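Participant: Sequence:
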Amino acid sequence: MAWFTGGGSSGSDDDAPAASVWESRGFVASAIVIGAVVVCLVVWLVAGGGNGSPSTQPTPTATPTATGGTDQPTDDATEPPATPDPTTTTAPTAPVKPSGTGGCRAKNPPQRIPREAPAAVSWQFETNMLIPLQAQGGPAIEDANGLRHCFAHSPTGAVLAAMVTLGQIRNPELTESVLRNRIAPGAGRNLALKAVRTSPTPRNTGQTSQFTGFKVIDYLPNRAIISIAVRLDSQKVAGLPVTLLWVDNDWKLVLQPDGSFNGAVAPDVLQSLNGYVRFGGA
651 MAWFTGGGSS GSDDDAPAAS VWESRGFVAS AIVIGAVVVC LVVWLVAGGG NGSPSTQPTP
711 TATPTATGGT DQPTDDATEP PATPDPTTTT APTAPVKPSG TGGCRAKNPP QRIPREAPAA
771 VSWQFETNML IPLQAQGGPA IEDANGLRHC FAHSPTGAVL AAMVTLGQIR NPELTESVLR
831 NRIAPGAGRN LALKAVRTSP TPRNTGQTSQ FTGFKVIDYL PNRAIISIAV RLDSQKVAGL
891 PVTLLWVDND WKLVLQPDGS FNGAVAPDVL QSLNGYVRFG GA
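Count the sequence shown with our numbering and you get residues 651 to 932, in order.
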């Protein structure tokens with residue numbers, strides 16, 4: 651099991667121990683590691699070979715640019731409640747009071763789908779990955795432990811929430827806090843919280859993967875589906891699908907019942923950034 655699975659159904663018994671992602675043959679060597687909460691559960695990956703898994707494609711033709719790129723995308727953007735679990739009863743960390751009126755406090759934020767990189771964005775390292783910060787779209791709140799939240803109720807706010815949350819969950823010091831506060835309640839979150847309390851957490855994996863773009867696949871006022879483009883290395887870019895829900899006045903990411911973000915939808919190894927808005931800090 652992993653944050654981003656390779657797609658396709660598995661014939662494994664749910665009660666059987668999950669295989670270590672470090673030992674599985676199907677994973678591309680340049681997979682993105684998310685400061686794992688567990689050896690089997692916390693990895694962004696691109697699977698190669700096997701049913702439903704994308705295979706490695708030729709070198710992407712697009713080269714990601716720094717903040718402010720204006721490449722236009724194409725117009726192709728066309729769980730039941732979990733049983734209460736003792737691992738989910740701890741109260742969220744009390745937030746630090748924000749200043750200003752941005753993020754989730756913004757009144758009537760623009761609802762247009764972003765067709766170019768959000769403006770006035772600064773990029774800050776979270777471990778070794780750059781995450782975007784914008785006064786208007788969020789995050790507007792940073793907790794005492796460094797957890798960021800409070801994003802605008804808009805398509806741009808959803809994009810920023812996806813990237814910031816994916817970046818922060820890689821930080822071993824924040825992983826559990828992200829799961830408790832930045833993931834929507836459900837069976838997948840319960841599974842991940844159980845695992846993070848019992849499994850070893852890999853630290854420095856040597857990965858230098860960075861965000862390089864996004865595509866809004868679908869947007870409704872209370873749900874957004876975003877594909878986040880991440881450069882794995884000098885030759886590969888992956889499109890990672892993420893669903894977000896508007897819960898408790900903020901965007902929160904959804905974990906599928908298997909504990910991954912994408913469930914049966916396999917990440918794509920992209921041949922180019924066509925259809926994506928270029929957006930990255932490196």
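It is worth saying that the hints were derived from the structure and are not from the lab. The structure presented is a predicted model; accordingly, all values stated were derived computationally and were not measured. Any given hint could turn out to be false.
[Unchecked claim] Below, in silico cross-link-like pairs of lysine to any residue (SDA-like), each with a Cα-Cα straight-line distance of 20 Å or less:
1) K757 - W896
2) K757 - N924
3) K757 - Y869
[Said to hold, decoys possible] Using C-beta positions, here's what the derived DEER-type ranges look like:
4) A785 - P907: 16 to 26 Å
5) R765 - L870: 16 to 26 Å
6) K757 - T848: 37 to 47 Å
7) A770 - D868: 19 to 29 Å
Even for Gly, the Cβ is constructed at its ideal location relative to N, Cα and C.
Participant: Are the hints correct? Go through all of them and say.
Facilitator: Hint-by-hint comparison with the structure:
no., hint, result
1, K757 - W896, "holds (15 Å)"
2, K757 - N924, "violated (33 Å)"
3, K757 - Y869, "holds (19 Å)"
4, A785 - P907: 16 to 26 Å, "violated (36 Å)"
5, R765 - L870: 16 to 26 Å, "holds (18 Å)"
6, K757 - T848: 37 to 47 Å, "holds (44 Å)"
7, A770 - D868: 19 to 29 Å, "holds (26 Å)"
Violated hints, in rising order: 2, 4; the structure is consistent with all others.
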